[in-house]
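Trainee: Got chain P sorted already, so can you dock chain R onto it with the hints?
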Amino acid sequence: MTYLDHAATTPMRPEALAAYAAVLADTGNASSLHASGRRARRIVEESRETLAGVLGARPSDVVFTGGGTEGDNLALKGLYWARRRVEPARRRVLVSAVEHRAVLDTVQWLGAEQGAEVELLDVDAAGTVHPDTLAAAIERDPAAVALVSVMWANSEVGTVEPVAELAAVAHRHGVPFHTDAVQAFGQIPVTVGEDGPDAITVSAHKIGGPVGVGALVVRRGLVLEPLTHGGGQERDIRSGTLNTAGAAAFAAAASTACAQAPRESVRLAALRDRLVRRVQEKVPGAVLNGAGLSGSQRLPGNTHLTFPGCEGDSLLMLLDARGIECSTGSACSAGVARPSHVLLAMGASEEHARGSLRFSLGHTSCAADVEALVEAIGPVVERASRAGALAGMTGV
Amino acid sequence: MRMLAAMSGGVDSAVAAARAVDAGHDVTGVHLALSRSPESDRTGARGCCTLEDARDARRAADVLGIPFYVWDLAERFETEVIEQFVESYAAGRTPNPCVRCNERIKFAAVLDRALALGFDAVVTGHHARLDPDGTLRRSVDPAKDQSYVLGTLRPEQLTAARFPLGDSTKAQVRREAAERGLAVADKPDSHDICFISSGDTGGWLRQRIGSRPGPIVDSRTGQTLGEHDGTFAFTVGQRRGLRLGQPAPDGRPRYVLDISPVTSTVTVGSADELDIRRLVADRAVWPHEGTVSCQAQVRAHGGVVAAQAEARGDELVVTLAAPVRGTAAGQAVVLYDGDRVLGGGHIRATAG
Numbered sequence: 010m011t012y013l014d015h016a017a018t019t020p021m022r023p024e025a026l027a028a029y030a031a032v033l034a035d036t037g038n039a040s041s042l043h044a045s046g047r048r049a050r051r052i053v054e055e056s057r058e059t060l061a062g063v064l065g066a067r068p069s070d071v072v073f074t075g076g077g078t079e080g081d082n083l084a085l086k087g088l089y090w091a092r093r094r095v096e097p098a099r100r101r102v103l104v105s106a107v108e109h110r111a112v113l114d115t116v117q118w119l120g121a122e123q124g125a126e127v128e129l130l131d132v133d134a135a136g137t138v139h140p141d142t143l144a145a146a147i148e149r150d151p152a153a154v155a156l157v158s159v160m161w162a163n164s165e166v167g168t169v170e171p172v173a174e175l176a177a178v179a180h181r182h183g184v185p186f187h188t189d190a191v192q193a194f195g196q197i198p199v200t201v202g203e204d205g206p207d208a209i210t211v212s213a214h215k216i217g218g219p220v221g222v223g224a225l226v227v228r229r230g231l232v233l234e235p236l237t238h239g240g241g242q243e244r245d246i247r248s249g250t251l252n253t254a255g256a257a258a259f260a261a262a263a264s265t266a267c268a269q270a271p272r273e274s275v276r277l278a279a280l281r282d283r284l285v286r287r288v289q290e291k292v293p294g295a296v297l298n299g300a301g302l303s304g305s306q307r308l309p310g311n312t313h314l315t316f317p318g319c320e321g322d323s324l325l326m327l328l329d330a331r332g333i334e335c336s337t338g339s340a341c342s343a344g345v346a347r348p349s350h351v352l353l354a355m356g357a358s359e360e361h362a363r364g365s366l367r368f369s370l371g372h373t374s375c376a377a378d379v380e381a382l383v384e385a386i387g388p389v390v391e392r393a394s395r396a397g398a399l400a401g402m403t404g405v
Numbered sequence: 009m010r011m012l013a014a015m016s017g018g019v020d021s022a023v024a025a026a027r028a029v030d031a032g033h034d035v036t037g038v039h040l041a042l043s044r045s046p047e048s049d050r051t052g053a054r055g056c057c058t059l060e061d062a063r064d065a066r067r068a069a070d071v072l073g074i075p076f077y078v079w080d081l082a083e084r085f086e087t088e089v090i091e092q093f094v095e096s097y098a099a100g101r102t103p104n105p106c107v108r109c110n111e112r113i114k115f116a117a118v119l120d121r122a123l124a125l126g127f128d129a130v131v132t133g134h135h136a137r138l139d140p141d142g143t144l145r146r147s148v149d150p151a152k153d154q155s156y157v158l159g160t161l162r163p164e165q166l167t168a169a170r171f172p173l174g175d176s177t178k179a180q181v182r183r184e185a186a187e188r189g190l191a192v193a194d195k196p197d198s199h200d201i202c203f204i205s206s207g208d209t210g211g212w213l214r215q216r217i218g219s220r221p222g223p224i225v226d227s228r229t230g231q232t233l234g235e236h237d238g239t240f241a242f243t244v245g246q247r248r249g250l251r252l253g254q255p256a257p258d259g260r261p262r263y264v265l266d267i268s269p270v271t272s273t274v275t276v277g278s279a280d281e282l283d284i285r286r287l288v289a290d291r292a293v294w295p296h297e298g299t300v301s302c303q304a305q306v307r308a309h310g311g312v313v314a315a316q317a318e319a320r321g322d323e324l325v326v327t328l329a330a331p332v333r334g335t336a337a338g339q340a341v342v343l344y345d346g347d348r349v350l351g352g353g354h355i356r357a358t359a360g
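Which chain is which? The protein sequence lines are P and R, in order. Taking this note's numbering, the leading residue of the first sequence gets 10, the next gets one more, and so forth. Taking this note's numbering, the leading residue of the second sequence gets 9, the next gets one more, and so forth.
Among these hints, one or two may not hold up.
To be verified - The calculated label-pair distances, taken between Cβ atoms and stated as ranges, are:
1. P/E391 to R/P331: 55 to 61 Å
2. R/R162 to P/G404: 51 to 57 Å
3. P/E359 to R/R220: 33 to 39 Å
What the hints assert, rightly or not - The following residues of chain P were derived to be distant from chain R, with all beta-carbon distances above 12 Å:
4. E55
5. D133
6. L324
7. H372
8. P388
9. A393
10. A398
11. T403
Hints are computed from structural coordinates only; laboratory data are not their basis. Glycine residues also receive a C-beta, built at the ideal position from the N, C-alpha and C atoms.
Same shape as in the complex, but just chain P (with noise of 0.2 Å):
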């Protein structure tokens, strides 16, 4: 099996899971007054001390979360809210238009049901937020901002954000700034920083610990409402018996993925760069999506090719059938893809859109995966430009 899906889930680490494994064999509430709970307490916080640590954060500004998905909508819903019961005129929500959906949905839902004002910034060709279009947007009605959000780095096609340009300007106004970094942590240095974001949020699954555990970074000042109302364990901003196993693997994996990083960062995007080129021989039309190859505007694991006149599921198909695993990127509902939203906003047409898969690289990829798929792409792509010509897809 070739897996070119880790930015879905990357395999666990060794470090992670072993650390994961010893702590669920062993019993003890984290808030528990006994022996057991301290020592559980223990692991938490040497946990929190240990991401703090990677992401230039102190340790009080880590709240453990349920993973991505719960840091954004914590992030978000739990900063409007906050913002509003100060200053009610703030209603204004500014968001990229190629945001997760766990950003675009949970901002559309404050839009729809709690009086928001949500706005989507413009992308350029590659995915980027110019920081001058966050400041005319925000400069047209700066004392109705509420917050601004910008992903680190997109999920699908691996563009990285100015983020700390756009918290810089966001800041000038006084409004706070989150990110989601659930794409870039792990890969790329990801630092709270003096003039940084606010906010960050990041999961374990990402970087090679478990599903189901993630933070969200909270630098000291900054009031958020909470969502889940309970024991008030996570600064009374999350409740929710901690998640003593979670904190230590994704601790675990930080370390590991973090330290790893610098060098590993060079050989993913030789990879990357290797994948690019080897599968361009063999489909000459096919299109790299998002920022170029040189430079640091994208992610070191991240491909996103669109093979045009194919559609995506026959290309995803006929891979899965030769044992390769990618993806299509875009958001899925009931298993059905649709043309990527962050395609479409970058300016593709809903074709090109339509015709793109995804390849994410990881820790255990290696160039027997990329050779897998390079022998296999001509072929795959012959077979699904045939389908694809059925459902009138031009090619052009």
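Mentor: Chain R alone, transformed into the frame defined by chain P:
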């Protein structure tokens, strides 16, 4: 063989796929998403293509251990089936959308795509038999036989079709599903028109077409007996829902005889005026010479009547030995020799 199993989420298609797997084929399951905005759950036996149906299909594929995908054919279904259904009603005909879906979606768009992608055949859970020589025959279960809705398919559409259930009754299929551990074993059969989940075709059409009032006229006297707000709410042969207020002079029930959308007129009359002895079908599939003695069926799950059929150009002229009642343009006529399907077409005109 590499086979694509169309899996609706129902018991029939699940067992059909299972039998294809057992026969040693390399089977891939596909659920056809036909609705643009699927409802999340099934309500009773109505409709299909809900998210729940997609889940049921996926679970069946899991149990069978075959790959499973969802193919989005909603746009194609909208233009080829739903819009045509509306246009047809608006033109005073009574279309059968299942026939249309088989002709244009399942054994056209899906089949073509499957063949292009390298599959050798498409497996469905239709209750019909397909002999190795390409002859389509009725299912052994007369109550579930679906050869009628397949009867207008062209031979090349049937060439790559496989119907593994034709030799079984529905009861046998359900039993087999239970034995195989398929959770859909006792899922209710679907009825009615899949895209009209309310079951209220008239109301659904009114929403689509809007109100178009007109008179209800007596066929003999020409007298206006009442008003209606759209011919689409009527089908030829309909008796209920006329709300005429006054009985016929002879005191016998009145039926819809004719629908004229141009003048928005619905003509009613007595039952004997509904008798049809001759019909002309177009878009016919009729690979036979001369006059053929056969049996005609004009609606799903309807009876058959002895007939003579003869091709006239692309059309098929069918003369019935005994009159049938309430046959409307738009319906399919399928002609049988015993349980063998000889061919069929779409009724364009009828005569008494």
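Trainee: Could you run down the list of hints and mark each one as holding or not?
Mentor: Consistency of the hints with the structure:
no. : hint                         : verdict
1   : P/E391 to R/P331: 55 to 61 Å : holds, 57 Å
2   : R/R162 to P/G404: 51 to 57 Å : violated, 29 Å
3   : P/E359 to R/R220: 33 to 39 Å : holds, 35 Å
4   : E55                          : holds, 40 Å
5   : D133                         : holds, 29 Å
6   : L324                         : violated, 10 Å
7   : H372                         : holds, 27 Å
8   : P388                         : violated, 9 Å
9   : A393                         : violated, 7 Å
10  : A398                         : violated, 8 Å
11  : T403                         : holds, 16 Å
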